[in-house]
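**Student:** The listed protein sequences derive, respectively, from chains Z and D.
Just so we're aligned, residue 1 is where the first sequence starts under UniProt numbering, counting upward by one.
Just so we're aligned, residue 1 is where the second sequence starts under UniProt numbering, counting upward by one.
Treat the hints loosely; a few may be bogus.
Since the list gives no way to pick one copy over another, a pair counts as held whenever it fits inside one copy or between any two copies.
[As the list claims (entries may be wrong)] Quick list of in silico lysine-lysine cross-link-like pairs, DSS-like style, CA-CA up to 27 Å:
1. 344 - 606
2. 528 - 619
3. 630 - 309
4. 526 - 606
5. 606 - 309
6. 526 - 619
7. 312 - 455
8. 528 - 265
9. 343 - 311
10. 265 - 526
11. 344 - 333
12. 234 - 312
13. 455 - 234
14. 265 - 606
15. 490 - 30
16. 30 - 333
17. 333 - 234
18. 265 - 455
Keep in mind the hints are simulated off the structure, nothing from the lab.
Number of protein chains: 2
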Amino acid sequence: MPVLQEVSNAARDLGILPSRAPPLPRLSRKPDGLSTQEEHREIVVIGAGPSGLFLTLLLARYGVDSSSLLCLDSKPETLKAVHADGLQPRTLEVFQSLGIASEIISEGFHIEEVAFWNPIPAPSATEGEGSPNQPGIERTSFSPDVNVPSRFPFKVTMLQGRIERILQENLHLYVGEDIIRRSHRFLRFSTDENPEFPILVEYEYDLPDGTTEQKSLRTKYLIGADGSRSRVRKCMGLELEGGTTSHIWGVCDFVVDTDFPDIRKRCAVHSNAGSVMVIPRERIPTGEYLTRLYVQASGEVGQDADPGKEKKSADRDRRNAVTLEYIFEQARKVFAPYRIEMKKGTVPDCWAAYQIGQRMSPRFSARTPGGLERVFIVGDACHTHSPNAGQGMNVSMMDSYTLAWKLVHHLHGLTPSSSSGAADPILETFDQERVDVSRQLIEFDAEWAHMLSGKIGSADAEASGLTHEEFFRVFSEASGFTSGCGLRYKPSRLIRALDETRTIDHSAEGPPNGVLVAGCRLSDVKVKRCADATTRHLHDEMPSVGRYYVLVLASSGMLNKSGESQSAITSSISIMQMFPQDTVDLVVLHPLSQRFEWTDLPPGLKTYAEMRTYGLARKVDVYEVFGVPKDQGVIAVIRPDGYVGTLAPLLGCKQVEAYFRDCLITI
Amino acid sequence: MPVLQEVSNAARDLGILPSRAPPLPRLSRKPDGLSTQEEHREIVVIGAGPSGLFLTLLLARYGVDSSSLLCLDSKPETLKAVHADGLQPRTLEVFQSLGIASEIISEGFHIEEVAFWNPIPAPSATEGEGSPNQPGIERTSFSPDVNVPSRFPFKVTMLQGRIERILQENLHLYVGEDIIRRSHRFLRFSTDENPEFPILVEYEYDLPDGTTEQKSLRTKYLIGADGSRSRVRKCMGLELEGGTTSHIWGVCDFVVDTDFPDIRKRCAVHSNAGSVMVIPRERIPTGEYLTRLYVQASGEVGQDADPGKEKKSADRDRRNAVTLEYIFEQARKVFAPYRIEMKKGTVPDCWAAYQIGQRMSPRFSARTPGGLERVFIVGDACHTHSPNAGQGMNVSMMDSYTLAWKLVHHLHGLTPSSSSGAADPILETFDQERVDVSRQLIEFDAEWAHMLSGKIGSADAEASGLTHEEFFRVFSEASGFTSGCGLRYKPSRLIRALDETRTIDHSAEGPPNGVLVAGCRLSDVKVKRCADATTRHLHDEMPSVGRYYVLVLASSGMLNKSGESQSAITSSISIMQMFPQDTVDLVVLHPLSQRFEWTDLPPGLKTYAEMRTYGLARKVDVYEVFGVPKDQGVIAVIRPDGYVGTLAPLLGCKQVEAYFRDCLITI
């Protein structure tokens, strides 16, 4: 490039930095004088594990800034590797919608296939179950790990500490390092009549001289992401309900040396000596791959001769008997005749023993005396269960994902009742939606743990229905839930179920995967953007920035100036303008194969959706995936978290308007 | 997850950080006492623009550490936005192979389609060319921007400063901030008889008191990435050869307000008032999209009445006459009757005037008195041309990509002659290969600039063959070159062309795109990894870590224990072991549809390539794409930069061994 002359401008400097999501608008007054005497914050999050960190990140992205937000964590270190390691397809979709998925997807280990191993049937009835001459295990079948459509048709395993680092790096694009205060232990909260900041949070931290100092601060909203022994939950007067089973398991992450052929796949191994789950893990800096084994302890382990011993104490004895040596000894028995060892010269990455149980809190929110829901819990504070199904971190972060936008819409004065001081029906849907998900989680986990810990192939088990076929059925049918992609929220102010105007009928078995259904997440489909003819993922075009989307699927008559499609587009634009700017975005899809010009369409379309108008991609028909007849079209409202809020025919804009009037304040 | 007990180990802490590529092994002695009297470095890079920064990054990744590497840049600022903005598909592939593509691909603007606009033919012959009543422009056709297969079938536009930030962030995963010294101006180099560090580099920098200090340092290898006016090149005694044309163009990046319908596509607009290229650009932090316009200045601009004026000075006058106002005035004439303006309330991001020329250096390397090639140039120091085709930054960075691994193989004592002190034939291929590419670049650019600046639709132009059809043909046929994916290196020590043992014949038109051909880059294909049944991009499995790959495409007889495939696998493993560890990796593909066990294959395969053995992906047949008959198979050697070095039949391992003996030292 010869002889260049250039004039630059300063605004460009911002453009070299990583992209940041735009904040939500704020209509409510922002409190001033936050730094008088007592410290004040609008939102305080207790706990910086995955759910607390993810919540803090989302709040910051939606526009809650450093002066309004604080996260207290009791642990001294920035990142502490603990146990969760699996990310579901839906969690990956959500991370992608936030622009934070790429390192996880490229560096994590992908699980696409599951191998099922079972005892080789004994040659004769006399050498039955548990025989010392048991002939080992054999592979019964393979199955895809995820059998519902997803943008990412696999699970990813990755060190939790690395996921936390990724979240934290993104957080600090929005707010400073001091947003998280480490080694700050939450003690209790109380509420009073303070009209703006009715919650008093007490906490303590260690001084350099070894003494401990107690302090307090005031907040409007408090969220406990402080784990299964949540002190926030206890202060809310709530307890986890449920119980522990007698199943004790050990878990170890290590570099394996084995001739077991499916060691790089997720495996459910049932043997006469007990069960093992294999979870392949990512490559570590040494170049080796980690393997996680969940190993069932035998019923006899750590059993005390004293039958009168208290159960809690007896359970502890049994767990204590599950040592690293025991885990490997037991794994060798299960895998026999295959060899399985820790690779020479390596040490385990971590190991643990645990007892399976399923418990949940009956509610996830509490009102303050003013009648407003101001205290919430997310993550392990709400629900605890076994790690074997790899659900924990996912459901926990999705609690935060559901809460964050509702809380910021409320705080920023965007919901209709947020300025009234009365209870906010939008914010109340958090508890409804997540308690329901938690219940499904607990039920699935109980069934899964039971099947996994049972002895397939034994006469007793067969009699009680515990066969490989039954186990496989439970596994397969749960894929909608375990992938996170099949979740369906119940009808509420935010989910308007179908009515007679709905254009599509479904059979009794329910809609096929991917079809637009109120309560289900919008699935990802490739489309072709009209303005630049580039192929896009629809999910990438509707990022998680806290906005609703009006998604108009125009009909084949779109070019008819007085037809339903153009009317729907024009009406949608009018509806958008009734609500605060940047709370509703318009997305238009069309089914036409011919090219057209902007001038063939309503003039507002180019203004409001030039870069959000799409046709069919070369190999995928979004109308077919979404189950929308091309001659009819449909209008869908997509919630800020990607779930379909409601569906209406092209001429049903009144319904769309009514939906928004319930969710957003008009201007 | 109740009742967890955990023991952690310190090694895990590394695992939370971003992944780093492993360094190449070093067999040569590393110099000690580098910090005596005079400063010493093994490699010094002059210039930290895209080519210098990319080179420094690659050297650091391949294992040249802070004590051996230094980059001097004359500019005071970390990042300076200049003009290049386009990344070709091949550059994206290379970035992907380094794990640095994701932000560019997700945040850059994708160009998939080009629109061609031409003058509306005049209604009658009397209103011919250049008539003031010219009736405007019309769209003649669309074309894909990239019409050769590529993993990324689009170009990406993004602020150069942002690309530099991404490179620099990755660099600092490997070496400290002090690897680049800013505001350090290279003055000259000289050579002497010093046996190890024969190059004396002199430079200067400003002291805080405003004075300038001169210093010198010694180095083994010096690379000039110091732009078109390269001082390194001048010290090598080389000049750019070629010249400038009379075509003057203006360029401006700004936020557009227009009713021109294809403004978000790349457009080549020929009008009776001159030509314009539209390059759509990425979204900026304001949420708006940038547009780049290249606007041809009319022949009359800045013409001086004085016919005796020296050409150089007259050219400068003409360029100076191309102001921001002139660019928009001219653009309005070209786009008429469409409206085109800068969006109200915005300022241009940058603008410039330039004169088209094509010049290149006759050589890109120079020997020191010892007879070794020790001084190199890359990027604009080698070749300059017009920016209109978006090639500059790409070819420049690919110069560095080709040089980096050859230089480190040489420096680390991995090439056969590197320890002999004589000229290294591997290192010498840099000059051969890149001079050839540069020549193609210059030829393409001259043709492209000529076609773009010509007046399509005028009688003169038609007569000289400048028709839309001809322009379109040049555009389409150049796609292999302009995408970077069609590049083919000529036969050399590193490229062994087909011989009679080659299993595939091609028609006279040359091989179809994607087929394995010595000299062409290995194209990306999805495959299914055997060990974990995950679908992978072959490119991701063969990252740019400076290693060669032996790629065995087994035949359908792979399970035959005494067949050609197993013999090829066993021989390949033996060959790998002849050369230093981590310089050759084995990758095996198979065409079988049935599953098999590791025990069905040679025992070394699981040891050396458990995670690099693949079958066919669900929808793609890698054998078809690569043009390899399944009943025959083939062995391909892939160079560290992803180009096919040679091909041999399954029983041709001797050829493979011979290739490696020429490239790598044996152990």
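**Student:** Compare the structure with each hint and give your call.
**Tutor:** Evaluated hints:
no.: 1; hint: 344 - 606; in the structure: between (64 Å within a copy, 17 Å between copies)
no.: 2; hint: 528 - 619; in the structure: both (10 Å within a copy, 21 Å between copies)
no.: 3; hint: 630 - 309; in the structure: neither (69 Å within a copy, 68 Å between copies)
no.: 4; hint: 526 - 606; in the structure: within (21 Å within a copy, 38 Å between copies)
no.: 5; hint: 606 - 309; in the structure: neither (75 Å within a copy, 50 Å between copies)
no.: 6; hint: 526 - 619; in the structure: both (8 Å within a copy, 17 Å between copies)
no.: 7; hint: 312 - 455; in the structure: within (25 Å within a copy, 90 Å between copies)
no.: 8; hint: 528 - 265; in the structure: between (36 Å within a copy, 13 Å between copies)
no.: 9; hint: 343 - 311; in the structure: neither (37 Å within a copy, 74 Å between copies)
no.: 10; hint: 265 - 526; in the structure: between (29 Å within a copy, 19 Å between copies)
no.: 11; hint: 344 - 333; in the structure: within (20 Å within a copy, 75 Å between copies)
no.: 12; hint: 234 - 312; in the structure: within (21 Å within a copy, 82 Å between copies)
no.: 13; hint: 455 - 234; in the structure: neither (38 Å within a copy, 79 Å between copies)
no.: 14; hint: 265 - 606; in the structure: between (49 Å within a copy, 15 Å between copies)
no.: 15; hint: 490 - 30; in the structure: neither (34 Å within a copy, 67 Å between copies)
no.: 16; hint: 30 - 333; in the structure: neither (63 Å within a copy, 50 Å between copies)
no.: 17; hint: 333 - 234; in the structure: neither (43 Å within a copy, 73 Å between copies)
no.: 18; hint: 265 - 455; in the structure: within (22 Å within a copy, 62 Å between copies)
When held up to the earlier numbered hints, the structure conflicts with 3, 5, 9, 13, 15, 16, 17 and fits the remainder.
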